[in-house]
Each structure stands twice: as C-alpha cells, then as structure tokens.
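Colleague: Sequence:
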Amino acid sequence: MNKKNSFISTSILSVPGTAGILQAAIEKIHIFTQPGTSSLEVKEDGSLIATQGSPLDRIVGLAKYYIAPLFSDHMRLEQEKKLSQIKREILQARDILKSHSSLIEKLKEGDPSQQKLAHSALEAIHRYNAVVAKDYTSLTDTYDLYNYERNQLLLDEEIKGQPIELPRTVSIKYDSDLSADTTKKTFRALGASFHSSAMQKTCSKFSSTHKKGEQFMLDTFRMKAIRLVQSHLTQQNSMAEVLNLVKQAAIEIEEQDDLIVMRQHLEVGPGSMIALIGSFKHPSDSKFLSMPIIDSFRLTSEATHSGFPYPSQHTAWALTDKLTEARPLRTEQAPRFEEVDARKKYFSQQLLFDPHYMAKARQLYKLKRDLFDQHKEHYLPLHRQLQTTILEGVYMDSAVIDALLDPFYHTLDTLNSPFDALASIQQRLVELFIQQPAQRLEEEWLEDSSSVLRIGTSQEKFHGALTSLQRSLDSASSESMEPHYASAYLDTMGPLLGKATQGIALQYLSEKIGFAPPMLNDFERKIQMCAFHQLISFLDELEIPLNDKDDSIKNDLTNKYKQDIEIFSCATIEDFDNLASRVTNELEVYFNSRFYIQRA
Numbered sequence: 001m002n003k004k005n006s007f008i009s010t011s012i013l014s015v016p017g018t019a020g021i022l023q024a025a026i027e028k029i030h031i032f033t034q035p036g037t038s039s040l041e042v043k044e045d046g047s048l049i050a051t052q053g054s055p056l057d058r059i060v061g062l063a064k065y066y067i068a069p070l071f072s073d074h075m076r077l078e079q080e081k082k083l084s085q086i087k088r089e090i091l092q093a094r095d096i097l098k099s100h101s102s103l104i105e106k107l108k109e110g111d112p113s114q115q116k117l118a119h120s121a122l123e124a125i126h127r128y129n130a131v132v133a134k135d136y137t138s139l140t141d142t143y144d145l146y147n148y149e150r151n152q153l154l155l156d157e158e159i160k161g162q163p164i165e166l167p168r169t170v171s172i173k174y175d176s177d178l179s180a181d182t183t184k185k186t187f188r189a190l191g192a193s194f195h196s197s198a199m200q201k202t203c204s205k206f207s208s209t210h211k212k213g214e215q216f217m218l219d220t221f222r223m224k225a226i227r228l229v230q231s232h233l234t235q236q237n238s239m240a241e242v243l244n245l246v247k248q249a250a251i252e253i254e255e256q257d258d259l260i261v262m263r264q265h266l267e268v269g270p271g272s273m274i275a276l277i278g279s280f281k282h283p284s285d286s287k288f289l290s291m292p293i294i295d296s297f298r299l300t301s302e303a304t305h306s307g308f309p310y311p312s313q314h315t316a317w318a319l320t321d322k323l324t325e326a327r328p329l330r331t332e333q334a335p336r337f338e339e340v341d342a343r344k345k346y347f348s349q350q351l352l353f354d355p356h357y358m359a360k361a362r363q364l365y366k367l368k369r370d371l372f373d374q375h376k377e378h379y380l381p382l383h384r385q386l387q388t389t390i391l392e393g394v395y396m397d398s399a400v401i402d403a404l405l406d407p408f409y410h411t412l413d414t415l416n417s418p419f420d421a422l423a424s425i426q427q428r429l430v431e432l433f434i435q436q437p438a439q440r441l442e443e444e445w446l447e448d449s450s451s452v453l454r455i456g457t458s459q460e461k462f463h464g465a466l467t468s469l470q471r472s473l474d475s476a477s478s479e480s481m482e483p484h485y486a487s488a489y490l491d492t493m494g495p496l497l498g499k500a501t502q503g504i505a506l507q508y509l510s511e512k513i514g515f516a517p518p519m520l521n522d523f524e525r526k527i528q529m530c531a532f533h534q535l536i537s538f539l540d541e542l543e544i545p546l547n548d549k550d551d552s553i554k555n556d557l558t559n560k561y562k563q564d565i566e567i568f569s570c571a572t573i574e575d576f577d578n579l580a581s582r583v584t585n586e587l588e589v590y591f592n593s594r595f596y597i598q599r600a
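Everything in the sequence shown is counted per UniProt numbering, starting at 1 for the first residue and increasing by one.
Mixed in with the good hints, there may be bad ones.
[To be verified] Straight-line distance between alpha carbons at most 30 Å, and here's what the computed DSBU-like set of lysine-lysine pairs gives: (1) K134 <-> K512; (2) K160 <-> K87; (3) K82 <-> K366; (4) K376 <-> K108; (5) K247 <-> K82; (6) K160 <-> K562; (7) K366 <-> K160; (8) K160 <-> K43; (9) K345 <-> K376; (10) K562 <-> K549; (11) K562 <-> K376; (12) K116 <-> K345; (13) K360 <-> K345; (14) K173 <-> K376; (15) K366 <-> K224; (16) K108 <-> K366; (17) K554 <-> K360; (18) K116 <-> K81; (19) K108 <-> K160; (20) K134 <-> K247.
Hints were generated in silico from the structure; no laboratory data involved.
Produce the complete structure using the sequences and hints provided.
Modeller: Structure (structure tokens):
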C-alpha cells in the first residue's frame, strides 16, 4: 500500500540538481523583486543581476531608456532584445517554483537545510506575488521609475496579475491527544487507512485462550469508541448512526509484549475518516481479564476534499481529481480550465471550513445513498449500463462482459447498502490504478535529480514517465484487498481505466518534465471530458439551493447516470459542445503548443 511521506528524504538535497534548480529560481525572483535597483541584466549563464547606480547614473538611465529609443531604432531593438531575455528568465524561474510547489511544502517539514530552502522559496513567492498584483498603470503604484526593465515587465500580460500559486489546504486533521508521543504514528496509520477502503473488514485474532476476556475487551473498546466519536462529531451524526458505524467496522487487534492494542477505522462520510486506538494491560495470569489503560484511548480524524466529488457524492461512481489536475504553468493561456479550477479550489475550502457547505454535502450524500438503496432495482441497472458502455468502448465481447458483471451485480443486490459498497469499490479503484501511479511519477521527477525524467532527452523522458506509470499499474493489483465478490470486477476495470488514463497523466506532466504530450485517443478524451463534467456538475450542485424532495434527488441521480453513459457511448467528444468538452480541447491545444514553444 502506498504510504504518504510526512517528510522528505535528505537525499534530495544531497544531489545538487533539485536544490540547485530551486535555488537559482529563487535568486532570480529575489533580484527581480528587490527594490532600489536601477537596472537588470542577464549574464551569459542565464543568471540575473541587478545594479544600483548613483543618482546621476539614474538620471542618465532615464534618458537612455525612455528618450533615446524614440530617436534610435537600434536602441529600441536592443531594449526589446534585453527585455525579452529578462522576461524569459523570470518566466522560467516562475515556472520552476510553480512546478515544484508540492516539493516546497514537503521541504518545510524536513531537516534544517531543507526548511531553510523552503523558507527562501516561500519568501520569494510572497514578494513576487505582491509585486505582480499591483496596478502599475497607476502612478500611485509605480514600483520604481528608475528601473525601466522591471517597470516594462510588470506591464506585460504574461507577468502582470499572474501570481505563483501556493499549495492550498485540502485536508484538516484532529487528534484528541496532541501531546502523545504516538500522534504522528497515528496520523500515518490514519493516512494509510484513508487510502484503503472501508471494505477491508478483517479482524486480526490474538492468541487468547479466554474467549470471555476477548469479548470484554471488544465491548470495552466499542463503548469508549462510541463516546469519543459522539463527542467528536457533535451534531453531525445521530446516536444511531454512531452506533452503527462502530458496530460494523472491524477492530484490528495486535499483541505488543504485555499490551494488547486495538485499532478501528471509520469512514464517517465522503473524505472523512476517523481512527481509534486503545490499549489493554495483558495479565500475567490468563485467569484474569485484560484491563483497559484509560489514557491510551484516543481519536484522530482527517477530512480531505479537493473540490472533486467522491464516488459517494456523484452516483456511487466517479472518476478522480487527478484527471482534472492539469496545473498549467501559464494559466492565462488556458482560461476555460482556469475558470473551472478556480471554482474547484474555492469549494475545496468551503467543504473543509464552511459549516453551511459541509452540512449540505453531508445531506446530499445521505439523500443519494438512501434513495439509491431504497430503489436499487432502478439504480443498479443504470450503474451496470454505465460499466457495460465503458467495457464496450474498448471492444470487449458482450458475452465476456455479462460473465464479468452478472455475479458482481447479483451480490450487490443482496447487500444492505449497495450504494456504499459501489462507492467504496470505485474509490479504491481510482486510488490504486489512477491516483497512485500519477503521484509516484510526479514524486520521482521532483525528488530524484539523477532520474531520466531530469537528465534524459525529450523522448527518453517520455518513455521513462510511461514506464513509471506502467510499473505502478502492474503492481496495483497486488496491493488490492477487496471483498471476494468484487475481485474480478476490479481486476478488469482497474487496469482498463488505469491504462486509459496514463495518457492524461502524461499530458498534464509534459510541460513540467519536458516531453511532447501524447495525442489522446477518443476513449481517453471521453474519460477526460467525463471527469470535468462530473466536477462541473458537482460544483453546480453546491451552488444552487438544495431541493431535498425525493423526486428531485431521484431524477438528479438518474440524469447523472444518463449523462455519463452518453459521454462513453458517443462516437467522439466533438459531438458535445459544453464547458467540459471545451476544457478538454483547450488543454490538448495548450500542452502541445507549450512543448513546441519551449523547444523553439
């Protein structure tokens, strides 16, 4: 299972490449934003230098830069050439800081040298953003009349008002005992749990000869868990819901010397996980019951939301935020994407911090789940029709499709909540087969200066990136721990969607790593468009007033299924003219144009 790193390896800074690239970019931004300089120059090695002249030099400079070009074409052309060179270096430095923003966040938690580099980067970013945010057409906001190059560049459309965006908060964490030595370990366990599904309901048995003692510990743990969860969730969930959560979730049991440690992971809503832990003193005499260590019981929680709907917030089937995280470095050249992405970022924060939107999202989830389960005879066939349409899109034989899906949906029909089961299966699928391969590829590029992704040719970088994605995809199945009835479904749908989304991941990373983006085929473009359509639909749903009438929710669920089915059953996305299709087309043009412009 993929584990999130809470810190970054010191090996990153032991190789000059990554740290050197970042440091050079930081220095350029620092020089560009430094007040009081009278001129900027680009040295032969591409580094930027600033000069500070005397008052007389500045007056001469005013005549040289503002008056002489009016009478000399040669002076004007020289100025344009110089400005072009400086602009290229500034934009390149900005691109580096943008593309390494997630690494900068990790460095903040590293050793002192890493923290120092992160602090320098963040300081440079804040200064740059403050400078480019000003309106330099206003005399009151003129930055420095004597620095001609900087003043001209701050009026340039590619620089003016184009900040370096810092990573935003997409998760919040809570620990009932922040002073505990094991808090970080508990958070790592919670992170691992968050990346597994709620279906991993195995309960490890310890070597006990006293069944009554085991039951006593389980009952005691659940009682403490109910109190902790109820206290943490306040009014979000009823007592009956809390009881059901604790009762259904597996309890993991582990023996540690003279201790027995119990852990439980609860999924309390889309993107919201709780981890519970408690210990019992193992008696030396097996005749006695193990006694709870009261101070050892604690609760940790993590709520995560990127603004993209979880499967349980769509129809129990949704794709993933990774398929909409294009992150172009020149956002002004992809305005449709930027419009959608800005809305997503806004709502990602509202879903974490605004009680109104948090409550609305929870209510929508519960309404969809309850109505789906109540009318499963209507929605399970729609879910199956969508999967059939996807499988037919890769030319799978209908008899093979039926043999795969018949037992899967037969079992789902017998479950208390097929909605929760389908949502958990889909969440696990996108994590293993889409999110983790793309994440590992980006981490390899960010953290390994000697990787072919850093030092190879354009073609070598492309093949290295594709190999990395395929390697992760090949290992994904071995990481899966799913209920037996879902194994055949996941073994088919996981690799299928994982393979089909590799091109999208490569397209999005092509600008940063430096290779030609692949041309997506029709099926891949349908997936990309479907992801943006699901995102836009979810954002629209959050914006409009909630209609909690059963008929409204039922019709909305049905329409969402039909819309996804329509996307995968069309001949080409050119059949559509909506925002999702326009964003998909815009990104294809953007990434291809950026590659060829960078090579020019």
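Colleague: So, for every hint listed, does it hold in this structure?
Modeller: Hints and how they fare:
For the hint pairing K134 with K512, the CA-to-CA distance comes to about 28 Å; that is within 30 Å, so the pair holds. Taking the CA atoms of K160 and K87, the gap is near 12 Å; set against the 30 Å cutoff, the hint holds. In summary, the hint linking K82 to K366 is not supported, as the alpha carbons are separated by about 61 Å, beyond the 30 Å threshold. With a CA separation close to 48 Å, the supplied pair K376 and K108 exceeds the 30 Å bound.
With a C-alpha separation of about 70 Å, the suggested pairing of K247 with K82 is violated against the 30 Å cut-off. Restraint check for K160 and K562: not satisfied, since their Cα atoms lie roughly 43 Å apart, outside the 30 Å limit. Taking the CA atoms of K366 and K160, the gap is near 45 Å; set against the 30 Å cutoff, the hint is violated. Distance restraint check for K160 and K43: the Cα-Cα separation of roughly 24 Å lies within the 30 Å cut-off, and the hinted pair is therefore satisfied.
Pair hint K345 plus K376 does not hold up; C-alpha atoms about 34 Å apart against a cutoff of 30 Å. The hinted pair formed by K562 and K549 meets the criterion: a straight-line CA distance of about 20 Å does not exceed 30 Å. A distance of roughly 16 Å separates the Cα atoms of K562 and K376; the hinted pair therefore holds under the 30 Å criterion. Distance hint between K116 and K345 is fulfilled; the C-alpha atoms sit about 28 Å from each other, no more than 30 Å.
Restraint check for K360 and K345: satisfied, since their Cα atoms lie roughly 17 Å apart, inside the 30 Å limit. With a C-alpha separation of about 35 Å, the suggested pair K173 and K376 falls outside the 30 Å cut-off, and the hint is violated. Using a Cα cut-off of 30 Å, the hinted pair K366 and K224 holds, with the two alpha carbons roughly 26 Å apart. For a cut-off of 30 Å, the pair hint linking K108 to K366 is broken: about 38 Å separates their Cα positions.
Between the alpha carbons of K554 and K360 the distance comes to roughly 17 Å, so the proposed pair stays at or under 30 Å and holds. The hinted pair formed by K116 and K81 fails the criterion: a straight-line CA distance of about 35 Å is larger than 30 Å. For the hint linking K108 to K160, the alpha-carbon distance of about 28 Å falls within 30 Å, and the restraint holds. Restraint check for K134 and K247: not satisfied, since their Cα atoms lie roughly 57 Å apart, outside the 30 Å limit.
Violated hints for the displayed structure, listed by number in ascending order: 3, 4, 5, 6, 7, 9, 14, 16, 18, 20.
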